[in-house]
Amino acid sequence: MAGLLFTPLAWASLSLLLDFRKGRCVSWLGMVIQVLVSLALWYAVMERGGFSYALGGWEAPLGIALRVDGLAVTFVLLTAAVATACGLHAGFYLDACKPWQRYFWPLFWFLWAGLNGVWLGADLFNLYVSLELISLAAVGLVALGGEAAALRAALRYLFAALLGSLAYLLGVALLYGRFGTLSLALIDEQLASCEPALIVALLLMLAGLALKTALFPLHGWLPPAHGIARSPVSALLSGLVVKASFYIAARLWLELGDRLGSPWLAQSIGALGAAAVVWGSWLAFRQPHLKQVVAYSSVAQIGYLFLLFPLTFAVAEPVSLLAQQGITLQVISHALAKAAMFLAAGNLILSIRSKRVDALAGVSHFLPFSLFSFGLAGVSLMGLPPSGGFAAKWLLLQASLASGQWWWVGVLLLGGVLAAAYVFRIYRASFLEVGDSDDFYHPPQSLEAIPMILALLALGLGLVAEPVLSVLSLPFEVTADVNEAQL
Amino acid sequence: MSSALLYALAGVALCGIGLAGFLLLNHLLRRLLAFNLIGSGVFLVLVGLAQHRGGPDPVPQALVLTGIVVAIAATALAVVLIRRYFHLTGRTSFKAESEGDGGGAGS
Amino acid sequence: MTATALLPLLALLTSLLAAVVIFVLPESSHRVRILVNLMAALLKLVIVALMTWGVFHGVDFSVSFTMLPGVSFMLRADALAMLFAGLSAVLWLFTTIYAIGYLEDSPNRSRFFGFFSLCVASTMGIALAGNMFTFFLFYEMLTLSTYPLVVHRGTEKALRAGRNYISYTLGGGVVLLLGIAWLHGLAGDLAFRETGHFQGADPALHGQLTLIFILLIAGLGVKAGMFPVHGWLPQAMVAPAPVSALLHAVAVVKAGAFGIVRVVYDVYGIDFAFMLGLLQPLAWLAAFTILYGSVRAMAQIDLKRRLAFSTISQVSYIILGVALFGPIGTVGGLVHLLHQGIMKITLFFCAGNYAETLGVHRVDELDGAGARMPATSTAFTLAALGMIGVPPLAGFVTKWMLGTGALATGVEWAVVVLLLSSLLNAAYFLPIVYRLWFCPVAAPWPGERRWGRLETSAWLFWPPLITTLMLVLVGLLAATAFSPLSWAQLIVVRMYLP
Amino acid sequence: MNGSPPLVLIAASILLPLLYPLLAARPGWHSISRGALPLLPLPALLLALLSTTPWTLELPWLLLGSTWMLDELRRSFLLLTALLWGTAGLYAVGYLGGKHLRRFGVFWGLSLAGNLGLVLAADIVSFYMFFALMTFAAYGLVVHVGGNHARFAGRVYIVMALLGEMAMLAGFLLAARDGGSLLLAELAAGIAASTNGWLMTTLFIIGFGVKAGLPLLHFWLPLAHPVAPTPASAVLSGAMVKAGLLGWLLTLPIGEVGWQSWGQGLILMGFAGSLGAAVFGVIQRDPKTVLAWSSISQMGLMAVLVGAALMAPGQVSALLPVIALFALHHGLAKGCLFLAVGLVIPAGRLLQSFLWVLLALPGLSLVGMPFTSGQLAKAAMKGALMVLPNVPLAGLLPLLLQAATLATVALVVRYGWLLWQQLERGTIPASRWLGWGLALFCSAVVFWSLPTVALVMSD
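Protein chains in written order, with my numbering: chain L, 1 to 487; chain S, 1 to 107; chain V, 1 to 498; chain B, 1 to 459.
Think of the hints as simulated: they come from the structure by calculation, not from any bench.
Please note that the accuracy of each hint is not assured.
Stated by the list, open to error - Reference listing, derived: stretches of chain L covered by chain S, where coverage requires no fewer than 3 residues with Cβ under 8 Å from a Cβ of chain S: (1) 120-134; (2) 140-151.
Unchecked claim - Per label pair, the in silico range of CB-to-CB distance: (3) Ser2(S) to Gln190(L): 16 to 26 Å; (4) Ala54(L) to Asp202(V): 46 to 56 Å; (5) Gly200(V) to Trp406(L): 23 to 33 Å; (6) Pro26(V) to Arg48(L): 47 to 57 Å; (7) Arg48(L) to Ser93(S): 49 to 59 Å; (8) Ser2(S) to Val200(L): 15 to 25 Å; (9) Ala192(L) to Ser2(S): 16 to 26 Å; (10) Gly200(V) to Glu186(B): 39 to 49 Å; (11) Trp407(L) to Ala299(V): 40 to 50 Å; (12) Leu57(B) to Arg31(V): 47 to 57 Å; (13) Arg453(V) to Ala430(B): 32 to 42 Å; (14) Cys194(L) to Leu9(V): 51 to 61 Å.
Glycine included, C-beta positions come from ideal geometry on N, C-alpha and C.
Here chain L stands alone, though its shape is the one from the complex (with noise of 0.2 Å):
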């Protein structure tokens, strides 16, 4: 397991020795060698159930104690697929000839690594580290660009992500003060009435987390980030990054927000959610450049992810299972289908040499394997069948009627209408006829190829839905044997 953490640490090191071309040959062995130490623990947690692991020995709190179960394994495993396609795709992708650009493969190692960090973590604090790891290499990732647009948001990302992570120290500090521990865990199980103190830390974890992960109103950095950013780094920002704060709250939510929390508080949340959903569509149908549609639309459906809050807070637990498990299979669609979605749009651009969504015209006619790939992601985006996306919008479907909460009914179908609206704009463009000539840029096969098992991958995640789900429901026992685990 500490392999998960060291390996990528280990890479970013290295890579940061070797230029572009040297670095991309390193970081593929080392996304083979990352990928099946991911299975090797997927095996592991398939096998004895999840567990608990210090590391080096040292328990918490100055040790770094690591967690794993079924839905730290399913992201584990989830952020091997897309880093590697996204990786993959970036060697072929970015341009060897411009020297900053060898910086790609440490920050993506150390994102790598940051990432794990968040899924595997087990107390508060070195959330936070992995969280302020992810920042700083995603804002680096985005400033890759070198223009100063691209700085610019890098800043203005930079500010977002250091604010909300201040906020959650904040609160992280606030909790420490009052039961003097940092595990999750403990914390629940000393946790017994509700204090004012405790409800101002919880909300400012989960503003400062919100923050980062752009929920609605707080989401004006993300689009500009994401949008300006090179495309494997966009699907690497929107597929992954903002997840790993939106995991953090949740597990904040699902372990205290049945005391700390309340009807209001999740309501509002959800709330939140909501508007983004139709504010991020909306949005997104009136941007002009193809990347901006895309990273308006990662705005929507983050907001999705936010119905977890209302839905799980008060109600039974098997509604609240439902829920949960919708959320979890919206967060991994999402990430396929964006980082689809951004690599196909990147080898759009390529071809067309515009960002804009009216100079796709005529692409259906020469390109139909990249508009294919962006529109397999569309619909799981949409949440059609048999998408994850639509497995996802079904068990949310189902427990926002379970639980009664049937507004929230209004806000996934009209989501997947908005999100057909802004998709079906694309291949609207693409498909009206411009004469005979083609003139487009025809990326490598690889590039395509890329995009399209993302996307299948999206797509079939619906008919595989059960097996997924039942990685994630594996059980958590507590194992003495840690040295086992050390993988």
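Fit chains S, V and B to the supplied structure of chain L, relying on the hints for placement.
Only chains S, V and B this time, still in chain L's reference frame:
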């Protein structure tokens, strides 16, 4: 009022000042400084509140140390970015440009 | 995996795999694509024939696995499924042949045939779906796979039609999803069953069930082109003729109608739906749509638009038959599902032939086309007469069964609607027929192409003739054992006498 | 199938004209397809002559399960149909030019197949099928000539025919439900037993009344018959209107008790048509239009007979042969008269006088001159009507019949006058003469030896 609480309140006050600066100031460097101010406030709260077992608690000290390292890294990154930004555009704030056309020159 | 589980999957996969292969093939390899298309269509026909034979002898073809907690993906072939599957398998073959000829030398054929196969795969899935969830899955897949076909031409008009099409169908899909999800929350995973699921349902649930029923029908009604959600259909006419043929005869509108049949019979159960008082309004709506479509059709000058409004009218026959609450009416509705498909596809093939061979799109340009293209015009005439309900053509059989069914259940006004609709059909079809045969050619055809010995390309020439032969035979030999009528009777016997 | 003619003959009598369009549609086969026209009804004629005993044929695979049969009533209609179509076909060989010949052949064959088939059909669905086939195909004959007149006539024809078809279909649907059977033979009982009997009867009277030219449903007739090519007018007026009559006979509750008032109504309508048509007919300027009105007039008389049969269930067995006889007589005579319009006056004076005698013959037959078919028919009709109980206007009946005869005379005279004025000198192909002559021969001579006539006379 115990000293611990005093620390904590001071920390909160620092946070407030920093936050106000962060939101109100336009100059990028000043915002960065405001951020550092918030950071200090948070660390103060962390150290201050965790005194309840009588003596100083080693854990928050360690945490704050880590936090400071992270903050330094972030500040350094921000400074680099701001500097580069200034070189490229000659600006020291976001305001001068119209908001929302971040779609600029990516891909 | 046993053969009974394998066959439905194979039926689905033939066209799915064909789609994949076609997408992968380069644009220029026309021969291979034609071969793949035809082989897949023939193979599917064989599989469907096998399954039909099996279902006739009571073999249960089914396959299912769990997709989501509490929801399974289920394919099952019952008699009703085979009715629709048979229709799409047979007409797919002819439409493919026709499309090959129609799109000769046009761009984007790889994309076209890929989505075309995908569309048929979805239709097959809709036919074989074993529960509401699976049905919805393929229903939406159909929406998506037909969009590129509708906008195939890539003109501004086509794109506008495509946007309209997708807005309507996705909107309908959303309503349908809501209904299905609600129903699922209420009653769990509902496999289609001949007698429905709510025979002895708690009276307290009746209000909710009524609401869900309305949602389901509204969602399905969009594709079935029911008033007032029919607006996409006439616009979708900008698509190439084989697509219109497929849309109108087999895939889209039929999917909606088929779904309504499924909901009424296999989910709610006809008795229960009747008890809820839901069938009466449905019958009224269907009757109104029948008349409305016909009246609107009369005012259309564009041939394909006229045919489109005719479809709106004709598809509601199926729904009317279902809503009549009687075995004979149901037989009529189900048979119409098939017969209307055959007739409408013939009409669209012919319209396509006129457009492709003579460059004629409007009714008033058709003067004298009968002399130039006698075979096509004969096919058109027979199909039009069939639509009017002239015996012994296919349309008569359904009209007769519907009329008898309506009378048997004491719904006399439905007969009046049927007769009125026949008159209206005559009013908009016969002038075309008249122009074809009895008007002299006014001006040279705008875009005439010569094809040698036949009046048009052989790919375009034979499909309408074969479907015409079919539409004569299904009427003339309606009483024989494997005719659509007998098959519908078999379905109804199994549905009403479990 | 006991004692019935071979199956192949039955099949041939329908299929030959039905498949003839395939031959006719072939380009370049003009002379062959034209020459085949008179041969089309031959198997049917043979069938009618050979079927000395009634037969029934079950065709369970056809449509919804079909039954065909030939009894005495149908046999006389079949004879009429086959004879008239045959002679008209022969006439057509010499009449038709090359223009639209293929189209004419197609519709001719289809109408003939429908006309023959509806006579043989014994179940609702196949009867309706053949009836519709005839109706729709005859449209092609009506508008064949083209031009505004023909188009207008065609439109009126098709609209009224469609209305009739719909009325018929509604009636059949109701009857099939209430009778519980698809057999025509069981309709009457079903209608009589049903509470909706009145509705069905109305629908059938209207539905077939369109074809039979009942007053107020007759508008298409004076328009359509004259504009059609002459041989087509002959079959329209001679044979196809009789299909409406046959429809009445097969569908109305004839032989059931309790339909007096309906019968009386039909009788009144018939007389009204018979006399009213004469008024309109004599003011026409086209001999064919006069003939069309005459057809309405004569069909009115037949409606009177149907009404009588409806009124007096006891007399049905006596009335049916009379109706059949009347139909046969009128069909052949009217056919001759129509065909005569297309003739020319030959050169020799003797020949001319001879021609005029011959031309007058069918007209005189219609009037009821002795030794003609008309005399027999009229006498039979009078005899049948006079014995009826409770005829409305019983006292006026002789007067009405006299008036009807007078109306016929007026129309025939008008026709003769117009013909006298319009016939021109010239030459026409021999087959035209032959066709007309054959029709005349059938009407005047063969008529007496026809099996059905012989049957009536022996009574």
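Check your understanding: Looking at the structure, which of the earlier hints fail to hold?
Key -> none
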